[in-house]
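A.B. asks: Using the UniProt record's numbering, you'd call the opening residue of the sequence shown number 1 and step up by one each time.
If you're looking for bench data, these hints aren't it; they were derived computationally from the structure.
Every residue, glycine too, gets a C-beta built ideally from N, C-alpha and C.
Warning: the hint list may mix true and false statements.
Only pairs whose alpha carbons sit at most 16 Å apart, straight line, appear in this in silico EDC-like list of lysine to aspartate or glutamate [stated by the list, open to error]: (1) K207 <-> E197; (2) K185 <-> D250; (3) K114 <-> E94; (4) K225 <-> E235; (5) K177 <-> D250; (6) K177 <-> E235; (7) K113 <-> E94; (8) K189 <-> E235; (9) K255 <-> E197; (10) K51 <-> E73.
Ranges between beta-carbon positions, derived for each pair [claimed, not checked]: (11) V108 <-> W193: 46 to 54 Å; (12) G206 <-> G181: 14 to 22 Å; (13) Y240 <-> R125: 52 to 60 Å; (14) P259 <-> F67: 52 to 60 Å; (15) N105 <-> K185: 29 to 37 Å; (16) D111 <-> G206: 53 to 61 Å; (17) S232 <-> G206: 22 to 30 Å.
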Amino acid sequence: MTDNIRIPDQPDRPSEYWAALERTSPIVQVAEGVPTTTSMRIANGTHVQHKNVLEMVRNNIADFEEFGGVAFETQPFDTAGGVQSQIVAILNEEHATLLLTYMRNNDVVKDFKKRLVREFSALRRAAGSINGADITRMELIEIARNAELERLALEAENRELAPKAEAFDTFLDATGKYSVGAVAKMLGKSQNWLFRELRNRGVFIGKGSMRNTPYQQYMHHFEVKAHEFERSNGEIGCSYTTYVQPSGIDFIRRKVGLPTIDPLPVAVEVVQ
């Protein structure tokens, strides 16, 4: 077991690159069937000098050994002057959790704690669902690593989509519907263009008092509201305003042959 991963010197890489690389490297490894991490891995993940992390372990060794013996190993590491060696502590899940309680609970440490818990949990789940005789140490590591990478990818996707979803929400009226003009903006078109296309494609009625309202077979994608008004001669007239249900956005997009809107508003139902 070793933490000695040689990365070629790339001075042009920004610090964000190395931070991202650290976040996607496995924290937990498996030694003789037992998931463990090391004092060096915790030092890297919490941005604490390794000598200080190792000192925490040694100063509190009696507490750590209540959860099993702590092994110390000499491991090689690369420096500008060549390969040197250092002592690292091999820590099981309880050791690692206890060690983190001795650290200042800043954002970096809190984020690392969550990653550590997820990786140990992923290995426990994997061990419970897979025959240990049929899986190798490296496969277990890969399972934990993949689980963490999937979580990071999902978080990144959610961060990317959230502003777009909020933008769609700004088009909603108080009843949760969209005006035809708002849908036209989503599609990058004018309201008049969209009304014309929907009439030409047989979705909206083209003439009469019900002009620009949907035909009955498409009504489930829309809502039509009637409004009374007084004509100049004193008679009461009625006009109609068409609103689009969330399911109607993708229906309209497909009807007029435009590219997919990304993302679709929540609760959109794609109807064939």
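A.B. asks: Are the hints correct? Go through all of them and say.
C.D. replies: Consistency of the hints with the structure:
no. : hint                      : result
1   : K207 <-> E197             : 14 Å, holds
2   : K185 <-> D250             : 14 Å, holds
3   : K114 <-> E94              : 14 Å, holds
4   : K225 <-> E235             : 20 Å, violated
5   : K177 <-> D250             : 14 Å, holds
6   : K177 <-> E235             : 31 Å, violated
7   : K113 <-> E94              : 12 Å, holds
8   : K189 <-> E235             : 36 Å, violated
9   : K255 <-> E197             : 9 Å, holds
10  : K51 <-> E73               : 14 Å, holds
11  : V108 <-> W193: 46 to 54 Å : 52 Å, holds
12  : G206 <-> G181: 14 to 22 Å : 19 Å, holds
13  : Y240 <-> R125: 52 to 60 Å : 56 Å, holds
14  : P259 <-> F67: 52 to 60 Å  : 57 Å, holds
15  : N105 <-> K185: 29 to 37 Å : 46 Å, violated
16  : D111 <-> G206: 53 to 61 Å : 59 Å, holds
17  : S232 <-> G206: 22 to 30 Å : 26 Å, holds
Checked against the numbered hints listed earlier, the structure breaks hints 4, 6, 8, 15; every other hint is satisfied.
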